[in-house]
Amino acid sequence: MHAFIALSKKEINQMTKEYKIVWLPIVFILLGLTQPIMTYYLPVILQSAGGVEGIMIDPNMAKPEGGEVLASTLNSQFDQLGIIILAVATMSIIQGEKANGMMAFILTRPVSISSYLNSKIIIHYIMAVICIALGYVVSYGYSAYLFTTVPMTQAMWAFVFYCVWLLFVITFVAMMSTFFTSPAFIALISIVVLLICRFTAGLHTILDVINPASNSLSATNILMTGEVGTWYGINVVVTLLLVLLMIMTMQSFIAKKKF
Amino acid sequence: MRLEIKNITKKFKHKTAVNGFSMVIDANECVGLIGPNGAGKSTLIQIIADILYADEGEVLLDGQKNSSMKHQIGYLPQYPNFFSWMTAFETLSFMGTLSGIAKTELQKEIPLLLEKVGLGKEAHIHVRTFSGGMKQRLGIAQALLHKPALMIMDEPVSALDPIGRREVLNLLKEIKKETTILLSTHILSDAEEICERFVVIKNGHKIEDATKLELIKHHQESAIFLMIRKEDLKWLTMIEHLPYVKKIESYGDGFKVFVDHLEGDANRLLQHGLDSKVLFTKFEVGIQDNLEEIFLELVV
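As you go down the protein sequences, you meet chains V and B in turn. Using the working numbering, the first residue of the first sequence is number 1, and each one after it goes up by one. Using the working numbering, the first residue of the second sequence is number 260, and each one after it goes up by one.
Note that these hints are calculated values from the structure, not bench results. Be careful, since some hints might not be right.
Capping the alpha-carbon separation at 20 Å, the derived lysine to aspartate or glutamate pairs in EDC-like fashion look like this [stated by the list, open to error]:
no.: 1; chain 1: V; residue 1: Lys10; chain 2: B; residue 2: Glu349
no.: 2; chain 1: B; residue 1: Lys476; chain 2: B; residue 2: Glu455
no.: 3; chain 1: V; residue 1: Lys257; chain 2: B; residue 2: Glu315
no.: 4; chain 1: B; residue 1: Lys541; chain 2: B; residue 2: Asp512
no.: 5; chain 1: V; residue 1: Lys256; chain 2: B; residue 2: Glu349
no.: 6; chain 1: V; residue 1: Lys257; chain 2: B; residue 2: Asp314
no.: 7; chain 1: V; residue 1: Lys9; chain 2: B; residue 2: Asp512
no.: 8; chain 1: V; residue 1: Lys17; chain 2: B; residue 2: Glu349
no.: 9; chain 1: V; residue 1: Lys9; chain 2: B; residue 2: Glu364
no.: 10; chain 1: V; residue 1: Lys256; chain 2: B; residue 2: Asp519
no.: 11; chain 1: V; residue 1: Lys256; chain 2: B; residue 2: Glu315
no.: 12; chain 1: B; residue 1: Lys272; chain 2: B; residue 2: Asp321
no.: 13; chain 1: B; residue 1: Lys362; chain 2: V; residue 2: Glu68
no.: 14; chain 1: V; residue 1: Lys257; chain 2: B; residue 2: Glu317
With beta-carbon atoms standing in for the labels, derived distance ranges [as the list claims (entries may be wrong)]:
no.: 15; chain 1: B; residue 1: Tyr510; chain 2: V; residue 2: Lys256; range: 49 to 59 Å
no.: 16; chain 1: V; residue 1: Ile5; chain 2: B; residue 2: Lys265; range: 50 to 60 Å
no.: 17; chain 1: B; residue 1: Ile422; chain 2: V; residue 2: Thr181; range: 47 to 57 Å
no.: 18; chain 1: B; residue 1: Lys272; chain 2: V; residue 2: Ile122; range: 28 to 38 Å
no.: 19; chain 1: V; residue 1: His204; chain 2: B; residue 2: Glu263; range: 26 to 36 Å
no.: 20; chain 1: B; residue 1: Ser281; chain 2: V; residue 2: Ala184; range: 35 to 45 Å
no.: 21; chain 1: B; residue 1: Asn462; chain 2: V; residue 2: Thr249; range: 15 to 25 Å
no.: 22; chain 1: V; residue 1: Met102; chain 2: B; residue 2: Asn462; range: 29 to 39 Å
no.: 23; chain 1: B; residue 1: Val558; chain 2: V; residue 2: Leu241; range: 51 to 61 Å
no.: 24; chain 1: V; residue 1: Met102; chain 2: B; residue 2: Ser327; range: 21 to 31 Å
no.: 25; chain 1: V; residue 1: Ala184; chain 2: B; residue 2: Ile422; range: 24 to 34 Å
no.: 26; chain 1: B; residue 1: Asp468; chain 2: V; residue 2: Ile130; range: 49 to 59 Å
no.: 27; chain 1: V; residue 1: Ile130; chain 2: B; residue 2: Pro370; range: 34 to 44 Å
Model, not experiment: these values are computed from the prediction. Idealized CB from N, CA, C, for every residue including glycine.
Build out the structure end to end from the sequences listed, making use of the hints.
Below is the structure:
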């Protein structure tokens, strides 16, 4: 346990020294801001910047609900640019220490591989949750201000489901970081796989059950309709099992010293 | 702590780095692992430190597997690397906490230890600004921090200046009494100073395992070294034809005379010289190679 705490503290210190603790939240706050503001001002911007001819803006176009705006913050900001940024920010969590020999060095101490891995995944997950939460709160505020207010409980539940998906995202990037040695490749493969997961979510009922990105879909559903959708319980369980499986894979990979 | 290495084999893709290597190091013994570059020293050391996985064989510490005895092992890598954003003090504090040392003890021990390895003034300076030698000192400090019963060191003094080398060797002499030490090196004079026993490794095989005395005795040449005045040089052509003289070689300022039976033949040769009125300025029975030469002889 002492090793886990020491390693976690080290992760936090490192994030502070690398200013990740500053720029990552700022990026997500900006991402959270973008969706409500763009949705609100897009007609105005188009009208003033796009010239008069050729563009028709329907003045009777229905103003979207706050829930819809918040939902699109999740699925078109956080699930696209957000994932890319998270993948880049976490790509070297294990690869970096693997490359400079620090991981092997740390493991010559009486430190279990699981406390090494868990400290990294948990701290980076908490960091990601905080960033997403900040962006989400800002987005919530602007949606309420510019559009309509989303019920608090709906917003909370949507966030909880989104965090399940987020856990998968961070663990997956960490796993890639354990397996591969090139940071660029780690980022690329993580982004590709995670975006494929996200885009295939909702296409097929059976596939959705095992697709971790369906949790993100559940979050959007709650915001848009107030309903979670079917199979959400199984989906959460399956995602958590996948996360567990990935952690076990990483552990045996490191234990066999294949790095 | 007793270290047993049993039949270790480690293969990499194209090369067998360590091949069926076995040895036993008794408690508080100091062993120098010597061998040319690429002989498998580092691989073997990393297997003992449980960084690499041996394909075959096992490493036992007091009868237990090395992976379960990590709190008793102090390991110094060849190129110690640290988190560049930590200070020397923070690095030791971090490594110490991982070994389960209490915070109060660390606060007390670390300044003393840093002083000992000659980093007393640099305690609160970031590791990123450290030179190679300073990193090496810090590496030695972290290996000593938890007072291990077994120290494994990969080239501990190669990167240090003469002063640092002296300091570290003295430090090792100090801990030697209660610590089993295994160090790899190619600088033999350093190893000679602290180790009693040497294991020579080449191409992953153990080719020699002996104490310093045995090693020197083993490689003693059956030859007599003598120096004579210029006027007496013609005597050499005379003894060349003696039945017990095998060969004469010029060596340094004198000559090496190779014989069959060192002691008896030395007497006969000396007598022969005296009879021929030769004045010996030097007469040495049995030429001892120094370790460096023995090493070269073994591995080349």
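Verification of the hints:
1. V:Lys10 <-> B:Glu349: 10 Å, holds
2. B:Lys476 <-> B:Glu455: Answer holds: Lys476 (chain B) to Glu455 (chain B) is near 14 Å, not above 20 Å.
3. V:Lys257 <-> B:Glu315: The given pair, whose Cα atoms are some 14 Å apart, holds under the 20 Å limit.
4. B:Lys541 <-> B:Asp512: Holds - the C-alpha atoms of Asp512 (chain B) and Lys541 (chain B) are around 10 Å apart, at most 20 Å.
5. V:Lys256 <-> B:Glu349: The given pair, whose Cα atoms are some 30 Å apart, is violated under the 20 Å limit.
6. V:Lys257 <-> B:Asp314: Cα-Cα ~11 Å, so holds.
7. V:Lys9 <-> B:Asp512: Cα-Cα ~66 Å, so violated.
8. V:Lys17 <-> B:Glu349: Cα-Cα ~14 Å, so holds.
9. V:Lys9 <-> B:Glu364: Answer holds: Lys9 (chain V) to Glu364 (chain B) is near 19 Å, not above 20 Å.
10. V:Lys256 <-> B:Asp519: 56 Å, violated
11. V:Lys256 <-> B:Glu315: 13 Å, holds
12. B:Lys272 <-> B:Asp321: 32 Å, violated
13. B:Lys362 <-> V:Glu68: 52 Å, violated
14. V:Lys257 <-> B:Glu317: 15 Å, holds
15. B:Tyr510 <-> V:Lys256: 49 to 59 Å: 54 Å, holds
16. V:Ile5 <-> B:Lys265: 50 to 60 Å: 36 Å, violated
17. B:Ile422 <-> V:Thr181: 47 to 57 Å: 39 Å, violated
18. B:Lys272 <-> V:Ile122: 28 to 38 Å: At roughly 35 Å between Cβ atoms, Ile122 (chain V) and Lys272 (chain B) fall inside 28 to 38 Å, so the hint holds.
19. V:His204 <-> B:Glu263: 26 to 36 Å: With Cβ atoms ~58 Å apart, the hint is violated.
20. B:Ser281 <-> V:Ala184: 35 to 45 Å: At 44 Å between Cβs, range holds.
21. B:Asn462 <-> V:Thr249: 15 to 25 Å: 36 Å, violated
22. V:Met102 <-> B:Asn462: 29 to 39 Å: 31 Å, holds
23. B:Val558 <-> V:Leu241: 51 to 61 Å: 55 Å, holds
24. V:Met102 <-> B:Ser327: 21 to 31 Å: The hint (21 to 31 Å, Cβ to Cβ) holds, given that Met102 (chain V) and Ser327 (chain B) are roughly 22 Å apart.
25. V:Ala184 <-> B:Ile422: 24 to 34 Å: The hint (24 to 34 Å, Cβ to Cβ) is violated, given that Ala184 (chain V) and Ile422 (chain B) are roughly 44 Å apart.
26. B:Asp468 <-> V:Ile130: 49 to 59 Å: 58 Å, holds
27. V:Ile130 <-> B:Pro370: 34 to 44 Å: Holds, at about 36 Å.
Against the hints set out earlier in the document, violations occur for numbers 5, 7, 10, 12, 13, 16, 17, 19, 21 and 25.
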